[in-house]
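Asks: All chains should be built: construct the whole structure from the sequences, respecting the hints.
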Amino acid sequence: GQNIDQPTEMTATEGAIVQINCTYQTSGFNGLFWYQQHAGEAPTFLSYNVLDGLEEKGRFSSFLSRSKGYSYLLLKELQMKDSASYLCASLEDQTGANNLFFGTGTRLTVIP
Amino acid sequence: GAVVSQHPSRVICKSGTSVKIECRSLDFQATTMFWYRQFPKQSLMLMATSNEGSKATYEQGVEKDKFLINHASLTLSTLTVTSAHPEDSSFYICSAKEAPQETQYFGPGTRLLVL
Numbered sequence: 033g034q035n036i037d038q039p040t041e042m043t044a045t046e047g048a049i050v051q052i053n054c055t056y057q058t059s060g061f062n063g064l065f066w067y068q069q070h071a072g073e074a075p076t077f078l079s080y081n082v083l084d085g086l087e088e089k090g091r092f093s094s095f096l097s098r099s100k101g102y103s104y105l106l107l108k109e110l111q112m113k114d115s116a117s118y119l120c121a122s123l124e125d126q127t128g129a130n131n132l133f134f135g136t137g138t139r140l141t142v143i144p
Numbered sequence: 005g006a007v008v009s010q011h012p013s014r015v016i017c018k019s020g021t022s023v024k025i026e027c028r029s030l031d032f033q034a035t036t037m038f039w040y041r042q043f044p045k046q047s048l049m050l051m052a053t054s055n056e057g058s059k060a061t062y063e064q065g066v067e068k069d070k071f072l073i074n075h076a077s078l079t080l081s082t083l084t085v086t087s088a089h090p091e092d093s094s095f096y097i098c099s100a101k102e103a104p105q106e107t108q109y110f111g112p113g114t115r116l117l118v119l
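Chain order of the listed sequences is A and B.
For the first sequence, this note's numbering gives the first residue as 33, with consecutive numbering after it.
For the second sequence, this note's numbering gives the first residue as 5, with consecutive numbering after it.
It is worth saying that the hints were derived from the structure and are not from the lab.
Please read these numbers as outputs of a predicted model, since none were measured by experiment.
Ideal placement from N, C-alpha and C gives every residue a C-beta, glycine not left out.
Among these hints, one or two may not hold up.
Unchecked claim - No more than 30 Å apart at the CA atoms, straight line, and that leaves these computed lysine-lysine pairs for DSS-like:
| no. | chain 1 | residue 1 | chain 2 | residue 2 |
| --- | --- | --- | --- | --- |
| 1 | B | K24 | B | K68 |
| 2 | B | K70 | B | K59 |
| 3 | B | K45 | A | K113 |
| 4 | B | K45 | B | K18 |
| 5 | A | K113 | A | K89 |
| 6 | B | K45 | A | K100 |
| 7 | B | K45 | A | K89 |
| 8 | B | K45 | A | K108 |
| 9 | B | K45 | B | K68 |
| 10 | B | K45 | B | K70 |
| 11 | B | K24 | B | K45 |
| 12 | A | K100 | A | K89 |
As the list claims (entries may be wrong) - Among chain A residues calculated to face chain B with C-beta under 8 Å, some are:
| no. | residue |
| --- | --- |
| 13 | G60 |
| 14 | F61 |
| 15 | A74 |
| 16 | P75 |
| 17 | F95 |
| 18 | L119 |
| 19 | L123 |
| 20 | G128 |
| 21 | T136 |
| 22 | G137 |
Replies: What follows is the structure, encoded as structure tokens:
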């Protein structure tokens, strides 16, 4: 099974840095995804971590620690358009097939 | 690249009717397609997984006779909600990936309202 926890809501100021944490307890773990989802729209891919460490991609970075069951998404130089839900999802091997299991998402509000 | 389309984007139907939703990968071959359901302010819940030419694998609690999935080609999967009821009203989202990559790319979703 899977148990994925992330904060429900966060608020941050435009231009600032925000870190969204995610912890997971899963079986057959094969990696950790972060997606961005604006209200009423489908998720868009942000990052995929398989190995421990930090991966940077422009203003967004993602970190994974497999031994601690922990990941975070770091957003720098926040912009108003970054207001969205950020979904943490674990990739799990279930009887030979890899499936994604999502947390409930963190709703980020960026204020001026 | 990696664009997934979904049609229709919004549908309203009467209780008891069937609704078909199409999911297409536009610029890659979708060896596996996934169907999710999302209720308001909740996360995406995986309904089923389908590989091209094979029967879909359904998650526990999802009725395979009610949610018919067909993945007849490497670019198209369909989800048919049969005998829809108001409780089936939800946001249905498909995703696709091309083996051996694991990244799933999502369609824009279909909002279903059953009256």
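Asks: Now tell me, hint by hint, if it's right for this structure.
Replies: Hints, one by one, checked against the model:
1. The hinted pair formed by K24(B) and K68(B) meets the criterion: a straight-line CA distance of about 14 Å does not exceed 30 Å.
2. With a C-alpha separation of about 15 Å, the suggested pairing of K70(B) with K59(B) holds against the 30 Å cut-off.
3. For the hint linking K45(B) to K113(A), the alpha-carbon distance of about 19 Å falls within 30 Å, and the restraint holds.
4. A C-alpha spacing of about 25 Å is found between K45(B) and K18(B), which places the hinted pair at or below 30 Å, so the restraint holds.
5. For the hint pairing K113(A) with K89(A), the CA-to-CA distance comes to about 17 Å; that is within 30 Å, so the pair holds.
6. Taking the CA atoms of K45(B) and K100(A), the gap is about 28 Å. The hint holds against a cut of 30 Å.
7. With a C-alpha separation of about 28 Å, the suggested pairing of K45(B) with K89(A) holds against the 30 Å cut-off.
8. Restraint check for K45(B) and K108(A): the C-alpha separation of about 26 Å stays at or below 30 Å, so the hint holds.
9. Distance restraint check for K45(B) and K68(B): the Cα-Cα separation of roughly 25 Å lies within the 30 Å cut-off, and the hinted pair is therefore satisfied.
10. The suggested pairing of K45(B) with K70(B) holds, with an alpha-carbon distance near 24 Å, which does not exceed 30 Å.
11. For the hint pairing K24(B) with K45(B), the CA-to-CA distance comes to about 24 Å; that is within 30 Å, so the pair holds.
12. Between the alpha carbons of K100(A) and K89(A) the distance comes to roughly 23 Å, so the proposed pair stays at or under 30 Å and holds.
13. With a least beta-carbon distance of about 13 Å to chain B, the hint placing G60(A) at the interface is violated under the 8 Å criterion.
14. With a cut of 8 Å, the hint placing F61(A) at the interface with chain B is violated, because the nearest CB-to-CB distance is about 12 Å.
15. At a threshold of 8 Å, the smallest CB-CB gap from A74(A) to chain B is about 4 Å, leaving the interface hint in force.
16. At a threshold of 8 Å, the smallest CB-CB gap from P75(A) to chain B is about 5 Å, leaving the interface hint in force.
17. Checking F95(A) against chain B by beta carbon gives a least distance of about 18 Å; that is not within 8 Å, so the hint is violated.
18. Hint on L119(A) holds. Least Cβ distance to chain B is approximately 7 Å, under the 8 Å limit.
19. Checking L123(A) against chain B by beta carbon gives a least distance of about 6 Å; that is within 8 Å, so the hint holds.
20. For G128(A), the shortest C-beta to C-beta distance to chain B is roughly 10 Å, which exceeds 8 Å, and the interface hint is violated.
21. The interface hint given for T136(A) is met, as the beta carbon of that residue sits about 4 Å from the closest beta carbon of chain B, less than 8 Å.
22. Hint status for G137(A) relative to chain B: holds, with the closest Cβ pair at about 6 Å, below 8 Å.
Of the numbered hints listed earlier, those contradicted by the structure are 13, 14, 17 and 20.
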